[in-house]
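A.B. asks: Based on the hints, put chain B in the right spot on chain A.
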Amino acid sequence: MAILVDKNSRIIVQGITGSEGSFHAQQCLDYGQNVVGGVTPGKGGQEVLEPKVPVFDTVYEAVEKVNANVSLIFVPPAFAADAIMEAADAGIETIVCITEGIPVKDMTYVESYLKTKPNSRLIGPNCPGLLTPEGAKVGIMPGFIAQKGNVGVISKSGTLTYEAVHQLCAEGLGQTTCVGIGGDPIIGTKMAELLEMFENDSETKAIVMIGEIGGSMEIEAAQYAKENISKPIIGFIAGQTAPPGRRMGHAGAIVSGEDESAAAKMKIMRECGIHVVDSPADIGRTVKEQIG
Amino acid sequence: MNIHEYQAKEILKKFKIPVQDGFVLDDISEAENILSKVESELGSSQFVVKAQIHAGGRGKGGGVKFSPNKESAKENIQNILGMTLITPQTGEAGQKVRKVMVTEGIDIADEYYLAITLDRSTGQNVIMASTEGGVEIEEVAAATPEKIIRTWVDPSFGLKRFAALDMGIKLGFKGDLLKQFVKLLTNLYACYESTDASIVEINPLVVTEKDELIALDAKFNFDSNALYRQADILALRDEHEEDPTELEASKYHLNYIKLEGNVGCMVNGAGLAMGTMDIIKLRGGNPANFLDVGGGANVETVKNGFKIILSDENVKAVLINIFGGIVRCDRVANGIIEAVKELDLNVPVVVRLAGTNADIAKELLNNSGVSIIAAESLSEAADKVVEAATVGVS
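As you go down the protein sequences, you meet chains A and B in turn. Quick note on numbering: my numbering labels position 243 of the first sequence as 271, and the sequence is numbered without any gaps. Quick note on numbering: my numbering labels position 347 of the second sequence as 1308, and the sequence is numbered without any gaps.
Since the hints were derived computationally from the structure, they do not count as laboratory data. Hints should not be assumed to be uniformly reliable.
Beyond 10 Å from chain B on every Cβ pair, some chain A residues (computed) [unchecked claim]: (1) E75; (2) E89; (3) K93; (4) N95; (5) D110; (6) E139; (7) S140; (8) G177; (9) M225; (10) D229; (11) S230; (12) R298; (13) Q318; (14) I319.
Label-pair distances were calculated between CB atoms; the ranges are [to be verified]: (15) A:S140 / B:Q1039: 49 to 57 Å; (16) A:D117 / B:F1027: 56 to 64 Å; (17) B:R1059 / A:I319: 56 to 64 Å; (18) B:T1092 / A:S258: 28 to 36 Å.
Note that the Cβ used here is the ideal one computed from N, Cα and C, for glycine as well.
So that you can see chain A by itself, here it is in the shape it has in the complex (with noise of 0.2 Å):
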């Protein structure tokens, strides 16, 4: 078991004949991946990848010809929006974007319309996406640095992941799926939700929570999970030493009335349960503790 993908998942690229795209498409090819075609459009019935796949103009026709499910995009942040809700419009299930940098009004567009779009979930945007040991690889985090066990990851941050998936295997703690969320002011699932998947999910016996100051998606996360996760949560916070900064405007600070410092969120994960580590090197060792 695991959780948003497997070994069955039906996968298409949105992107594929880009550089980022057809790099990254290959890869999960050659990690088992069941890569069944691509989308850009204006190329369609091009053929990529070794073995081939053919190429779609929409993902309409992707969904028609070749039952895609998934869809994982690489589309250039100023068609990235589009494309996210493309896919949710031809009925992609798990949507994974890759995309960095796609302008914030976009993304509050996209919010709304996937609102309409109740069987589609998107992961990302601005993330490395999914990686499930031995069974599935949709984005671009390395198969290689992970290895199967029992253990959910969720994280913002695409190399602090690495990380701590590192310190793990070098505990022998496998993983079952490592998440990567992304960063950015707007994403399509949140901690939250993830914690509710790996709590149905009979493998994952703990969870690897990372997150980063801003926002208040931790605190909302460690809220539910007080009251509906039984699991084990090993938490950590990137940037308690990030300077406060010099800020313009001061409505992003009252916007939600929650204290987004570090410091704020791992007394607030703290106090909900979790096991916090103030050093990100404490990680696996910390789960270890857990379910060792």
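C.D. replies: Just chain B, lined up with the frame of chain A:
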């Protein structure tokens, strides 16, 4: 990206939002001419002289002066133009005032606060307003949170007239002022949307003795991801307001923020970079900077990263922490070897490389003859660099 008050007011005027108007000068020789223009074109014989820097809290630092007549205005211009203004937001070093805005005097009857920004938790825009304008809004939020009114706007539907009207009524506006407010807020929302602003804030929004609603001061912050399609906004960028090293780093596509400590850091990925700073602090050191070399770490980025880090004289040791996913550690290692040889480094460098091709990278470094301190884990790397920095300064 931030802009100056006078630029913010130009944008508001384009969206038909009434502002306390004025003219900008950057040289004292223009003072006479500017003051005459305020008199003749704006019909005001009283003046407000306002320092144009990006940081807030200008009034507290002495950067905003009311002047009842031309002589006093000229004196204030002379004092403010060229001064180093220190406000709660500039830091101790302050910011040099290169431009001054001279505005008309306004007879204020009442002050309000009005802002639009993104609420991350709902993914919607939120309009915030208060009858407590002209003061620090955080203080209002802390002391009397009930005095901040919020309305959420679903971006796909936009701001509806009824919602603007409701907000105006909650702020206590009646009659013609209520009409003015609905129009102003509607225009402000359109402005926020079409400029890809991440924050627009009018503080204070004032009611004059003549019952007119006017923006006395305004701040914008723009979404940097959207600047590619906002050429007019991008043209307003003032590089003088940015830290020179950070500006230099951005030209190399490096994300650098200078801090107060003595341990330089070079890391790939923002989260790991922050985590690396955190562990340095926990092990008794003090990070000198945040530096994210991004996903394309190669010989050039590593070299440029070193140049940026070492331009800070406080740096006594450098930690390079790279976790290669897409990035290949052997390329990073070659970058380090070349940079160390070329730049004639005089501080100890601790290197921790993990992930893709880390083994090849270690061999390259071992055989290169360059003097670096190798570390296996993040923990070991942090200890070694803190020790190196401490030995360096003693």
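A.B. asks: Each hint should be assessed against the structure and marked as holding or not.
C.D. replies: Status of each hint after checking the structure:
1. E75: holds (25 Å)
2. E89: holds (26 Å)
3. K93: Holds, because the least Cβ-Cβ distance between K93 of chain A and chain B comes to about 31 Å, which exceeds 10 Å.
4. N95: Given that every Cβ of chain B is farther than 10 Å from that of N95 of chain A, nearest at about 30 Å, it holds.
5. D110: holds (14 Å)
6. E139: violated (4 Å)
7. S140: For S140 of chain A, whose nearest Cβ neighbour in chain B is about 4 Å away, the distance does not exceed 10 Å, so it is violated.
8. G177: Fine: 19 Å to the nearest Cβ keeps G177 of chain A off the interface.
9. M225: Non-interface label stands for M225 of chain A: nearest chain B Cβ at 20 Å, farther than 10 Å.
10. D229: holds (24 Å)
11. S230: At roughly 29 Å from the nearest Cβ of chain B, S230 of chain A sits farther out than 10 Å, so the non-interface label holds.
12. R298: holds (16 Å)
13. Q318: holds (19 Å)
14. I319: The claim stands: I319 of chain A keeps its Cβ more than 10 Å from every Cβ of chain B (closest is about 21 Å).
15. A:S140 / B:Q1039: 49 to 57 Å: Holds, since S140 of chain A and Q1039 of chain B (Cβ atoms, about 53 Å apart) stay within the stated range.
16. A:D117 / B:F1027: 56 to 64 Å: Check passed, 57 Å falls within 56 to 64 Å.
17. B:R1059 / A:I319: 56 to 64 Å: holds (59 Å)
18. B:T1092 / A:S258: 28 to 36 Å: Violated: the Cβ-Cβ distance is about 47 Å, outside 28 to 36 Å.
In the structure shown, a violation is registered for the earlier hints numbered 6, 7, 18, in ascending order.
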